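Chain by chain, the residues run as shown.
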Amino acid sequence: MTLPTFPLETTTPAQIALREELRTFLADALADLPARERARSWIGFDADFSAALGQRGWLGMTLPKAYGGHGRNAVDRHIVVEELLAAGAPVAAHWIADRQSAPLILRHGTEEQRKTILPRIAAGTCFFGIGMSEANCGSDLASVQTKAEKTADGYVLNGTKLWTTYGHKAHYMVVFCRTSKSDDRHGGFSQVLVDMSLPGITVSPVLDIAGEHHFNEVSFDNVALPSNALLGKEGDGWAQVISELAFERSGPDRFLSSYVLIEELLRCLKRVSAGSETTDLGRMIARLMVLRQMSLSVAGRLARGEQPVLAAAIVKDLGALFEQDVPEIARRVLRDDAADPEYAAVFQRILLAAPSFSLRGGAREILRGIIARGLGLR
Amino acid sequence: MDDSTYSMVIESAEKLFSDRGGKDFDPALWAAVEEAGFPLALLSEDRGGYGLSAREAFAPVRVAAAHGVALPLGETLLANWVLGAADLDPIEGPAALAWDGKAAVPFGRFLKTVVQLCETDAGLAVSVLHPRAEDWQPALNYAGEARDTLTLAAQAKPDAHIACAPVVLRAAMAMLRAVQIAGTTDAVAAMCINYCNEREQFGRPLSKHQAIQHQLAVLATQGCAAAVAADMAVAAFDRALEQSDPFVLSAAAAKVRAAEAATTVSSISHQVHGAIGFSEEYPLHRLTCRLWSWRDEDGSEAHWAKHLADWAVSLQSGGHLWPALTACDLREAT
Ligand SMILES: Cc1cc2nc3c(=O)[nH]c(=O)nc-3n(C[C@H](O)[C@H](O)[C@H](O)COP(=O)(O)OP(=O)(O)OC[C@H]3O[C@@H](n4cnc5c(N)ncnc54)[C@H](O)[C@@H]3O)c2cc1C
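Residue numbers (my numbering), protein chains in the order written: chain S, 1223 to 1600; chain D, 244 to 577.
In short, the hints are calculated from the structure, not lab data. What you are looking at is a predicted structure, and each value in this text was computed from that prediction instead of being measured. There could be a bad hint or two in this list.
What the simulated footprint calls covered on chain S by chain D, stretch by stretch (three residues with Cβ under 8 angstroms from a Cβ of chain D suffice, anywhere in the stretch; the number is not a length) [what the hints assert, rightly or not]:
no., region
1, 1236 to 1249
2, 1454 to 1462
Here chain S is said to cover these stretches of chain D; the calculated rule only asks that three of the stretch's residues, wherever they fall, bring their Cβ under 8 angstroms from a Cβ of chain S [stated by the list, open to error]:
no., region
3, 370 to 378
4, 393 to 401
5, 458 to 470
6, 499 to 505
7, 538 to 550
8, 565 to 573
No residue lacks a Cβ here, since even glycine has one placed at the ideal position from N, Cα and C.
Can you build the whole structure from these sequences, using the hints too?
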């Protein structure tokens, strides 16, 4: 076959029970959270909620027990994440740490870094920011300007990161920066683990189009980093950041961002005849059913130790299109005059969040470039 | 998952079907297909079959579609499956399911047997018919495949009844089209990639132009979605009689999603091929014309989308779509 394959996953009885446990917990924990708040999901920040998840063993699931994790596989984690997002749980506090920083530290960190940080991530009490983008460096990550220069006892960090999601709440940031000059376009980069309480760090809010504050500008002004702040090998930053992005791109957050709107739409449709718009609704459900299986398949491959970069890019591209179509379908299916205030608030939230779905974690065109490379076209 | 049977089936199907594409039914090829045992794959061994899983049994259908082969293989598989469910003996020769009334029957004039289905108060009536050439009113689909209508005057006498909701069999046919679409989109992807790597314009291969790369990337994502859609329905087919809801929903979603993919894939494939892809001589149209036919046959997107929409809206109040969706997930056999 020419196209990449997506072997289907089969759910075990234990995984069905896991879903049930999550549902029972979430029904109680989110009972008072109105739909308009649940629609925030991945930007909804609630440290207590994250700690409660940690206590129940639903964070750091794939980390080894020796580091406070639970030794479960990527499919179990996928199930937990799906349930959280489908319910519109406020997951932002632990999100980045659990999704990508923990696996990154597990893979590339020193024993000391693993021992001190991973148990706190699994407990839902240690939050991370991603320090990749800068004002003049977006898709072209190799154009990063932030620098860490070697000193007698570590590094000194200078530069400014932008779009740092929840940088203002993060305990640590993994900063992708230049540590040496190199003729190789992808050489001379490293990742450093920056303790956000160090002197010389300024975090300034950047509001999004809805006036929400989640991302930030983070400046580092001669920040003195100890030598154990280096994450992985000096000069290996490019390869590390690419594998970090593979984690960032593979999860259900890449197709469930608008899910709360789907449930709200159906709630309101119970009172409204769908008329000729049923086709739109049915097609949306069909797309969702297939995307779920594709995403589960990627999780299954991660669980088997593979690195399904191409498959993850395909799911993210299809997922972002889907998430962005949901509000457009909703407005065709449900006419405004039939909408109730809660629905309207959810709709607005998703509508205004939608443009970001095909930007964050790699813009659509960049993903399509990755897919084209996977097809042998470049 | 043990893939050895699956790989074996794919391998022998590849051997049989490569370079056998065309728009006419090929009796010699059919004989080879029977020789390989493909039409009986779904039946248990004590019914004279091979007891394969649906995934294994439908694999040759996918390969046949990828090679543009005109055979009622999937149709015969399903006809035999219904006969098995009705406790009737499997048949030799090409066969297809047909609904009572004036519906188009795939490859009608070439069939030895028609397994006719009729909704009655006693359940779904199954009649085994052997129409003559003059019983068919001929017609063709966009790809030139026979889609003939049976014109038998008398109502057939039922040979058996099966306890199976009619929608399950309609869904099975829809699943078959999704499987064929999946096989075809993969072949279209291959054809496009090869062509764009070879054809040069502006001093470099088409495949080096970013606009083309992105078109092919979109084509690939759609092809992958069609494949997963078909796989999902086929996997659920194994328990279609015991757990009909997850199967029917999966097949409905598969047909809708594969049809949507077929639309995008055929459009992009013609665009990147330029004029040559629009010519009779070039084989692309054999694949795209089938995509255009199959996306409408056995229930269009609108038909099956309505099924899904009605289901979603009808879920009990207080209940949500989400648990109903996850209830369709494949489960480990207990
Ligand atoms: C909600 C949100 C949260 C984010 N959180 C973080 C975070 O926590 N940490 C972090 O580091 N970053 C974060 N980002 C930034 C994100 O990673 C970037 O937005 C993304 O990488 C794109 O970069 P850019 O915005 O600079 O756009 P650009 O790279 O300037 O791209 C603009 C447009 O040009 C296209 N383009 C660029 N290059 C090419 C090319 N070669 N060929 C064709 N088209 C091209 C892009 O696809 C895009 O459509 C976040 C972004 C959003 C929206």
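For each hint, the structure was consulted:
no., hint, result
1, 1236 to 1249, "holds (count 3)"
2, 1454 to 1462, "violated (count 0)"
3, 370 to 378, "violated (count 0)"
4, 393 to 401, "violated (count 0)"
5, 458 to 470, "holds (count 9)"
6, 499 to 505, "holds (count 3)"
7, 538 to 550, "holds (count 6)"
8, 565 to 573, "holds (count 7)"
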